[in-house]
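Starting from the given sequences, assemble the full structure and let the hints guide the process.
Going line by line, the protein sequences match chains A and B.
The working numbering numbers the first residue of the first sequence as 509 and each following residue consecutively.
The working numbering numbers the first residue of the second sequence as 163 and each following residue consecutively.
I should point out that these hints are in silico values taken from the structure, not numbers from a laboratory.
What you are looking at is a predicted structure, and each value in this text was computed from that prediction instead of being measured.
Every residue gets a Cβ at the ideal spot worked out from N, C-alpha and C, and that includes glycine.
A portion of the hints provided could be inaccurate.
[What the hints assert, rightly or not] Straight-line Cα separation of at most 25 Å, SDA-like style, residue types lysine to any residue; simulated pairs:
(1) Lys612(A) - Ala921(B)
(2) Lys612(A) - Gly327(B)
(3) Lys602(B) - Ser705(A)
(4) Lys621(A) - Asp834(B)
(5) Lys193(B) - Gly553(B)
(6) Lys602(B) - Arg607(A)
(7) Lys602(B) - His610(A)
(8) Lys230(B) - Gly553(B)
(9) Lys612(A) - Ala913(B)
(10) Lys612(A) - Ala318(B)
(11) Lys602(B) - Thr640(A)
(12) Lys515(B) - Ala564(A)
(13) Lys515(B) - Asp653(A)
(14) Lys621(A) - His540(A)
(15) Lys602(B) - Arg611(A)
(16) Lys515(B) - His540(A)
(17) Lys612(A) - Asp320(B)
(18) Lys515(B) - His537(A)
(19) Lys612(A) - Gly677(A)
(20) Lys230(B) - Arg201(B)
(21) Lys612(A) - Lys602(B)
(22) Lys602(B) - Asp674(A)
(23) Lys227(B) - Gln263(B)
[Said to hold, decoys possible] A few chain B positions that, by computed beta-carbon distances, are all more than 12 Å from chain A:
(24) Gln178
(25) Glu317
(26) Glu371
(27) Gly553
(28) Phe654
(29) Arg674
(30) Arg838
(31) Val887
[Stated by the list, open to error] Anything over 12 Å on all C-beta distances counts as not near chain B; from chain A, calculated:
(32) Asp518
(33) Arg523
(34) Asp541
(35) Phe568
(36) Pro570
(37) Glu574
(38) Ala604
(39) Val634
(40) Asp658
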Amino acid sequence: MVTFPGSLDDGDARRAVGLAGAEAVALWHGDHDLRGVDAVILPGGFSYGDYLRSGAIARFAPVMAEVVAAARGGMPVLGICNGFQVLCESHLLPGALIRNHHRKFVCRDQRLKIENASTSWTHDYVTGEEVTLVLKNGEGAYVADLATLDRLEGEGLVVARYLGDDPNGSMRAIAGITTERGNVVGLMPHPEHAVDSLCGPGTGGLPFFTSVLQSLAASAPAASAGTPPPQGPPPLQGHSSGRELVL
Amino acid sequence: MTETQTRQLDTVAHAQEHPDVAQPWAELGLKSDEEAHLREILGRRPTSSELAMYSVMWSEHCSYKSSKVHLRRFGEQVTDAMRKHLMVGIGENAGVVDIGQGYAVTFKVESHNHPSYIEPYQGAATGVGGIVRDILSMGARPVAVMDALRFGPLEAPDTQRVLPGVVAGVGGYGNCLGLPNIGGETVFDPSYAGNPLVNALCVGVMRHEDIHLANASGTGNQIILYGATTGGDGIGGVSILASEAFDTQGSARRPSVQVGDPFMEKLLIECTLEVFAEHLVAGIQDLGGAGLSCATSELASAGDGGMHVWLDRVPLRDESLAPEEILMSESQERMMAVVEPAHVSRFLEICAKWDVDATVIGEVTDTGRLVIEWYGDTVVDVPPRTVASEGPVYERPFARPIWQDSLQAGDASTLPRPTTGEGLRATVLQLVASPNLCDKSWITNQYDRYVQGNTVLAQPEDAGILRVDEQSGLGIAVSTDCNGRFAKLDPFTGAQLALAESYRNVATAGARPLAVTDCLNFGSPEDPDVMWQFAEATRGLSQGCEALGIPVTGGNVSFYNQTGAEPILPTPVVGVLGVIDDVTRRTPIGFTTEGQQIYLLGTTRDELSGSEWAHVAHGHLGGLPPVVDLEMEAQLADLLINASRDGLIDAAHDLADGGLAQALVESCLRYDVGARVWLPDELDPFVALFSESTARVIVAVPRSEEVRFTDMCAARRFPHVRMGVTDGRGDDAVLEVQECFSVSLAELRAAWSATLPTAFDD
Chain A
509 MVTFPGSLDD GDARRAVGLA GAEAVALWHG DHDLRGVDAV ILPGGFSYGD
559 YLRSGAIARF APVMAEVVAA ARGGMPVLGI CNGFQVLCES HLLPGALIRN
609 HHRKFVCRDQ RLKIENASTS WTHDYVTGEE VTLVLKNGEG AYVADLATLD
659 RLEGEGLVVA RYLGDDPNGS MRAIAGITTE RGNVVGLMPH PEHAVDSLCG
709 PGTGGLPFFT SVLQSLAASA PAASAGTPPP QGPPPLQGHS SGRELVL
Chain B
163 MTETQTRQLD TVAHAQEHPD VAQPWAELGL KSDEEAHLRE ILGRRPTSSE
213 LAMYSVMWSE HCSYKSSKVH LRRFGEQVTD AMRKHLMVGI GENAGVVDIG
263 QGYAVTFKVE SHNHPSYIEP YQGAATGVGG IVRDILSMGA RPVAVMDALR
313 FGPLEAPDTQ RVLPGVVAGV GGYGNCLGLP NIGGETVFDP SYAGNPLVNA
363 LCVGVMRHED IHLANASGTG NQIILYGATT GGDGIGGVSI LASEAFDTQG
413 SARRPSVQVG DPFMEKLLIE CTLEVFAEHL VAGIQDLGGA GLSCATSELA
463 SAGDGGMHVW LDRVPLRDES LAPEEILMSE SQERMMAVVE PAHVSRFLEI
513 CAKWDVDATV IGEVTDTGRL VIEWYGDTVV DVPPRTVASE GPVYERPFAR
563 PIWQDSLQAG DASTLPRPTT GEGLRATVLQ LVASPNLCDK SWITNQYDRY
613 VQGNTVLAQP EDAGILRVDE QSGLGIAVST DCNGRFAKLD PFTGAQLALA
663 ESYRNVATAG ARPLAVTDCL NFGSPEDPDV MWQFAEATRG LSQGCEALGI
713 PVTGGNVSFY NQTGAEPILP TPVVGVLGVI DDVTRRTPIG FTTEGQQIYL
763 LGTTRDELSG SEWAHVAHGH LGGLPPVVDL EMEAQLADLL INASRDGLID
813 AAHDLADGGL AQALVESCLR YDVGARVWLP DELDPFVALF SESTARVIVA
863 VPRSEEVRFT DMCAARRFPH VRMGVTDGRG DDAVLEVQEC FSVSLAELRA
913 AWSATLPTAF DD
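Written out as structure tokens, the structure is:
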């Protein structure tokens, strides 16, 4: 879990990871160190105040060099809201996120359709499944050139789409996208705010966090039985896969 | 230091040598007797820096000189029962209340009315920033904000300018800080045209042992200014001094509304909580109104009584600022800490980690004087208490306005009322679409209500509820309310009605009310009519708090809210804080399940004067407001809290503006569950639907709990009547008032939700 100055939803994402049965580890924006993690979450917020362009400063944070390298090596990376903006600014994902078409911040419960249930972060959904997450952003309109949009659609890289009336002016109602390998996902709505029906609209966001545990367990079954990664803390007790999700 | 600054410097020595220099004290807002008193205190004329400090600290805003004699009531009427949960009372940056399990909560509401009129976005944003720093300086982590807003008529061009900016400012600042906005109110009335009200509330949570106070004790302790640099923003009247010193070199043209930087404030919060956690802080104060003048004099007054400040060490974002301006600057996102010398280096280290500038600018002394130096010259040498706490106090004349009797005589009984089912139906639709009763989600959807993941209830619920402890489920509830029309009809009763409604809202959500904060918005205190309204409102509020056994822990007075001769409606906004032992037992307003019994609790009278119906249907204001019965309110609250704890009710909604009809509509629309209701035989249907009698709620009771629930009401002899059943779901569902009318939820929703988007979306 990377904390930039101005990150706000890092605590919520940490709670979601815990509910999924793993333990989150804090990564500091100024460190050149992923501390042996198996997956990374870039949380929502206003990194560095987002005065220039959302995510534009954060991409230059020392920790992002490590995140980019790890993502290119196949590590699961989820960017939520501001994290999605950082992933686009870092060119891990194509396109950009610009100011909502109505020029206001929007916070609402948002219905989505999961379009791709084969990424590291969406295994536990079924393609076509409808879920309700929290949407809250000022600069959430996904834009890209036509060729990129067609490629995303053609290769099945759209992870989720908005349902109902258009919340922010995203092209083709795109709420989230992924890479060809499916390990990097950028998502504008907040799954970490839909993991507990007491403080959010249901638990429709939890599968994002359980999915990645499954995919890590599946991709490296040996690691769960063997020794923990050299730099990482000891494995989390009580988690079925025996594998620690370090975020 | 520039040449200009050297040439023009008015030092203490210079003031002694040149006693007859003409000074712009009148332009700075001081009265001639105040200026004379100031000379008496100092035994000489003030330097221009001292004049700047005194003028702003003796202003109405900082000194409470017109309100002090009335506000004393709040402190005097604190009983032992109230003291039970009170950890810090009135007089500090904010009051602190014990909510159990070792947790303490601090909360306060403050106005930022005039800046928000001049520059809506920044005015509202810095209003949020200021109250958040107040809460932070008590040692608490800020956990939520709320906003109570008042605007002129919805269709007025100025409302079109002010409202979107204010809402974007409240949202822009709070969202960027990661503080959920859990409620508030938005009210429109012609009296606020040209004088909108922006009252911002913040709540903070801490452990008992973490409470910090604003005082500078311990001779030799260091004074650290940290946070943003100091610029020319927020300098108001003092630019007159500046223009003397600077010809026309730009100072006078600087804006007097502060500009906010929420990212800096976010860093300031995290940095401050970290220095608290390492016990590095002996005393702390945020810099708000009156900037360094206020922080230095208040810290010194509350401590050992002396402080020496090297003003030239203050980091500036504009090097041309003169000492007077630096003392007055209201640049945002700044704090002042008193730190023992041994802790200074660690304090600075933590600031550096968060990229927060921190500078030692002074130290605590035992001289009893506040001495401020500017490059070796003394520009201020004063007894700090005379600046901070011993300012002028006025017994402003007040008298019951001559128009009050005729206002109260012209009641709503003569207004034509709808008598047919069709007429009642049309009135329901007219009221739900009216600006004060319509759907406010156009506003509240611009605020992040989810961040931090502890928001259990937020708008449009009766009260916001936050989870404080994830393990135990301990939580808090907050509501703010005020009906200014009631307060105009009778300020004493109006203030108690605001208290009663806020108290009821907290209890309706399932929480036990513990404490009160208030923001008293009034016209000019120099108008005896206004002063009477103020005196009556404070008297009503303090007596009401005594009756309910909950103390006022802090708040704010805002005077001079008037454009020309016509003051705003007296608007004593009352915030009530409550505690709930288990947030999973909270009671939401919405009907969720079909087939539940709807009960009306309380007594309905023919009380339509000052009502939303009289306002919307007839543009009428006259008569007497509804009767307040605080004993009934307390009984009702206790009943609701117990019913919630025992799981007897699934929904509850308080009856206030718009009466029963509005409450039913809101409870139905929340989750699209319809209702079939019948009105009590003994009541005229119009009165039953639209009266605004107090101490009433509707509740939805599962059939399985009905006997236990009615037994509970009967045992407490609380008036209760079964008046309906939840029925139907989705947009096909209807709200049916038997033998009167039926209206589909789709039609209600269309009317209710179109008003604000139509007014503001282009």
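Right, here's what the structure says about each hint:
no., hint, result
1, Lys612(A) - Ala921(B), "holds, 15 Å"
2, Lys612(A) - Gly327(B), "holds, 11 Å"
3, Lys602(B) - Ser705(A), "holds, 23 Å"
4, Lys621(A) - Asp834(B), "holds, 23 Å"
5, Lys193(B) - Gly553(B), "holds, 12 Å"
6, Lys602(B) - Arg607(A), "holds, 23 Å"
7, Lys602(B) - His610(A), "holds, 17 Å"
8, Lys230(B) - Gly553(B), "holds, 11 Å"
9, Lys612(A) - Ala913(B), "holds, 23 Å"
10, Lys612(A) - Ala318(B), "holds, 21 Å"
11, Lys602(B) - Thr640(A), "holds, 22 Å"
12, Lys515(B) - Ala564(A), "holds, 21 Å"
13, Lys515(B) - Asp653(A), "violated, 40 Å"
14, Lys621(A) - His540(A), "violated, 37 Å"
15, Lys602(B) - Arg611(A), "holds, 18 Å"
16, Lys515(B) - His540(A), "holds, 16 Å"
17, Lys612(A) - Asp320(B), "holds, 19 Å"
18, Lys515(B) - His537(A), "holds, 12 Å"
19, Lys612(A) - Gly677(A), "holds, 11 Å"
20, Lys230(B) - Arg201(B), "holds, 23 Å"
21, Lys612(A) - Lys602(B), "holds, 15 Å"
22, Lys602(B) - Asp674(A), "holds, 19 Å"
23, Lys227(B) - Gln263(B), "violated, 39 Å"
24, Gln178, "holds, 47 Å"
25, Glu317, "holds, 20 Å"
26, Glu371, "holds, 23 Å"
27, Gly553, "holds, 38 Å"
28, Phe654, "holds, 39 Å"
29, Arg674, "holds, 20 Å"
30, Arg838, "holds, 28 Å"
31, Val887, "holds, 26 Å"
32, Asp518, "violated, 9 Å"
33, Arg523, "violated, 6 Å"
34, Asp541, "holds, 16 Å"
35, Phe568, "holds, 15 Å"
36, Pro570, "holds, 14 Å"
37, Glu574, "holds, 20 Å"
38, Ala604, "holds, 21 Å"
39, Val634, "holds, 25 Å"
40, Asp658, "holds, 32 Å"
Hints 13, 14, 23, 32 and 33 from the earlier list are contradicted by this structure; the remaining hints agree with it.
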